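S.K.: Quick mapping for you: the protein sequence lines, in order, are chains A and B.
Counting in our numbering, the final residue of the first sequence is number 594, and the numbers go up one at a time with none missing.
Counting in our numbering, the final residue of the second sequence is number 594, and the numbers go up one at a time with none missing.
Simulated from the structure, these hints should not be mistaken for lab results.
Here the structure is a predicted model, which is why all the values come from computation and not from measurement.
Note that CB positions come from ideal geometry on N, CA and C, so glycine has one too.
Just so you know, not all the hints are guaranteed correct.
[Said to hold, decoys possible] So, partial list: chain B residues that the calculated Cβ filter (under 7 Å) puts toward chain A:
hint : residue
1    : Y137
2    : E182
3    : V416
4    : A474
5    : Y478
6    : T515
7    : S521
8    : E522
9    : L548
10   : A550
[Said to hold, decoys possible] Pair by pair, the computed Cβ-Cβ distance ranges are:
hint : chain 1 : residue 1 : chain 2 : residue 2 : range
11   : B       : F386      : A       : K531      : 26 to 36 Å
12   : A       : F177      : B       : V277      : 41 to 51 Å
13   : B       : Y246      : A       : H529      : 42 to 52 Å
Protein chains: 2
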Amino acid sequence: MAERSHECRERCYGIIQKRLPVLKWLPKYSLQWLQLDLVAGLTVGLTVVPQALAYAALAGLPVQYGLYSSFMGCFVYCLLGTSKDVTLGPTAIMSLLVSSYAFHDPSYAILLTFLSGCIQLAMGLLHLGFLLDFISYPVIKGFTSAAAVTIGFNQVKTLLGLQNIPRQFILQVYYTFCRIGETRVADAVLGLFCLTALTGLQQMKESIPKANRMEPLSVRISQLVVWTTATVRNALVVLFAGLVAYSFQVTGSQPFTLTGVTPQGLPSFQLPPFSEVTPNGTISFGGMVQKMGAGLAVVPLMGLLETVAIAKAFASQNNYQIDPNQELLAMGFTNFLGSFISSFPVTGSFGRTAVNAQTGVCTPAGGLITGVLVLLSLAFLTSVFFYIPKAALAAVIICAVAPMFDARIFYTLWQVKRLDLVPLCVTFFFCFWEVQYGIIAGVLVSGILLLYPIARPRIKVLEHEQETLFIQPAGGLYFPAIEFLRDTVRKRTQSESRLCNIILDCTHVSSIDYTAVLGLSELLQELQHRKLSLVFIGLQTQVLQVFLAAGLEGFHHFPNLKDAEKSLEEELSHVGEALLDGSDSILPTSGIIQ
Amino acid sequence: MAERSHECRERCYGIIQKRLPVLKWLPKYSLQWLQLDLVAGLTVGLTVVPQALAYAALAGLPVQYGLYSSFMGCFVYCLLGTSKDVTLGPTAIMSLLVSSYAFHDPSYAILLTFLSGCIQLAMGLLHLGFLLDFISYPVIKGFTSAAAVTIGFNQVKTLLGLQNIPRQFILQVYYTFCRIGETRVADAVLGLFCLTALTGLQQMKESIPKANRMEPLSVRISQLVVWTTATVRNALVVLFAGLVAYSFQVTGSQPFTLTGVTPQGLPSFQLPPFSEVTPNGTISFGGMVQKMGAGLAVVPLMGLLETVAIAKAFASQNNYQIDPNQELLAMGFTNFLGSFISSFPVTGSFGRTAVNAQTGVCTPAGGLITGVLVLLSLAFLTSVFFYIPKAALAAVIICAVAPMFDARIFYTLWQVKRLDLVPLCVTFFFCFWEVQYGIIAGVLVSGILLLYPIARPRIKVLEHEQETLFIQPAGGLYFPAIEFLRDTVRKRTQSESRLCNIILDCTHVSSIDYTAVLGLSELLQELQHRKLSLVFIGLQTQVLQVFLAAGLEGFHHFPNLKDAEKSLEEELSHVGEALLDGSDSILPTSGIIQ
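Next up, chain A with everything else stripped away, as it sits in the complex:
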């Protein structure tokens, strides 16, 4: 009795642990872990603050919304996340999607966060994580590469200080080149300098040799300095640019486009806006939802895709397991709660997750430090953000998205599997039209490529003893294939006039649907009209049941070819005798022979 209750308690605890993964690592937490988590959390924090400002601008929202979006994920993921490395927060792709679906209006962005959170939670509870299986690698690559180009180019106008450039990519390229003469020199110089500095620091980081305990202390310290500088490069560059702008401000002139006034303090905790008052009247919840349209499917799914893809990549690299449905719940909760503190939709960030992993984070507790850092900057630093030049933030974004563009994939697919270039190219090019169309088109095209073998199965056609046609579909028999099968039969029976028996071998057919049964029933009738017989052999039990339930007129089936042939021969001789007798009433109504 006691044993059983113990067992039950164990199982309950297992379930709770599965849903609250923090319980797995917290009891084992040690001082050494704390040390490493602290460093990682600080480093990620120094990356997320400048990125948050930049991504808010990319999403078309005031900069403080970037910071509002950056801390909830840290706290929630610490409790619910299954990967030690992943950090949730604003990302370039999500900001791009928000800029499409929130119409540069915080109310829409926050409502989108709330609804995305609810949808992700529902998907997590319904175990819909498997939907990701239908997004193939070429579609992901096509999408991320196109997004990198779109986002990167989107920042060129900010880097050059151009104003009033349209949002649509093609128009953006056109107008940016048209109005390149209006470039603000100071913005362009500063922007390019920041870009160069960021690229240089990144290169430096990559070329640092791996730390080796054998080397003298001085070498190791200098390596550490370089590594730290390079890792927090975003914060350093933005800080430097801000100082430059501040110096100009003090001297009385300001050549740069600045971030401007940012409201100080933490966001208030309030319900997300379920309706919006505009000068033209109130827009109801339904109206807002309708306006966001496909965004309500694209944003939650892309959020999920980014998080799970990143979690899987780092789990595989660092050799641990993640649970996609639990990730979905973690992200859903983050967005759901985030919408109460004016966050826009967040997801896993590849760049910051990499920083987190490289600084040697041990548990999701590192996120707590990051979150606190973001809260502190909201509380005390917003007045400083006034001086950050927009061009510097643009440089941060360009450097963040550049590695997402992967030109090699085109070559790789050409070498390995050319057919996969189709979904890749479709996704890539449609994404320049509208991101969501690219993803939808890519998924549809890869779906069609999957369905092709179902719609056009290999059908073995043999002529057997002159007057019998033997037909055997290689795989299942589903509705898209039925017209094709009928055409095959039709063509053969029309070209070979001496054929009079058709045997359909369903040995490989493990399942059949109603449309296919109906098509076969029509084929049966058509052949009866033409005085040809059609018999079925090798029907598996569940397929036979469907045929019998459908009650096909003139349906004959036999276990195997031998029985079918024997029966057909008997009928033949039977009819032969009947014809000799001069009577034709013996012919079955289904017209077994011509």
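Position chain B against the provided structure of chain A, taking the given hints into account.
M.R.: Showing chain B alone in chain A's frame:
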């Protein structure tokens, strides 16, 4: 030489005949055919005129547009059609779609016709008729049943003379019941009378015994009178209702809602409107196209679906063949040319095709008579249309769509194949939201049902000699299945700690995509981390080529199980010796054993 040129001429003529099917029947045309075609053409004409007026109202356009849409199809189909029975023209479903996508504005309707025609022509030239294969029977049934309910209910408000009822189905039901008190008694009485008359005449027609030459002449004549009356019932009922309304008009009072003034004369031949001038400024071609959105896919596809479904049904009944791509061309041309004479999109009409077939039409020439009749009524009868009560037209539509509702299909699918109820119900219920969503959702759901076996293939898992896991996927290995395969391997290797070799048998894998290769490559690395070995056997040539081109790290393959086991055993004993020697450098980097 002469023989060859003769052969070439023959072949050319064959191709021309295929594209201009009129050449097949015209040379054989006889006086007897003319007689039957004449009767059929007249009968269809007497059906199409009242229906055209009613469908124009359903489409939300002035009534003359129904007639404008009714004659081009007759002429074009006579030249290009491959079925003797099909008649093209306005239909209930197409009118419903037009009312969704043309916003009750003739300019949009005509542009939609033009673009649908172009799309259908392009589809015909590209032989895209096969796309119809992906619309399964449950989706078609769900759509037509829902459309019948929607259209039928849509007419209730007209039948009762209610005004200002919203278009959306749910709201329509709600408001119709709310405001049933505002019913105009005269409209309701006349409408219900027409409905009863039409239903009664239809019942009469169905109960006429088949004509029998043995019966006395008087019986045969009376049967003919009843049959004719019942067949042209639409025209008779509308005529009667018009006469009643006219009598009231003469006496000075008018209790009915009338059709009102209809512009006289034939439509002018002019370019379709490629832009529109509104009080708020000009809407460009791009703006109009964007506003119609999904309609540009739904309208051409549904048009094609209706025509081909009807053509196939009658071809099978009357035992002839049709060519779906040629039907597509015929309909594309009809819509393309129709847009120059202010037609809205047309397609094959089931009701009128049935009338055509029943009156014994012999060739598509019957359509010529129908077309001339429509032109004559446009030229001379429009002043008479003023007096047609709208309630009578509503009754015509309700009787036309009632047979489209098929409640039995729910029961049939429950009996035969319950899984097919899913796409049926999804289509049926989504259609009440918006018709296009219903069709799209239905096609997607049936696509997912098709993809399920690809995403979750049966995988045979056997343990072999204690330490070897043998895994064999039953079908192909495509990207949606790869995560599932990895999970299967992961679970088995985690639960059975003594396993150290995994053999993946790809005998049944005839094709593989890049995502799947990448997934296997990641699995390979993951297993190497865990010191497990994975080898492939039974790779077909084309699959092996993909693997080799991808250059997987640690990829080992063998022709069959025996070779694989032999090699694994050798490595085992090899390692055993190495361990005895106290050296571990002999272990391959891929870590063949634990």
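S.K.: Of the hints given before, which are not true for this structure?
M.R.: 2, 4, 7, 9, 11 and 12
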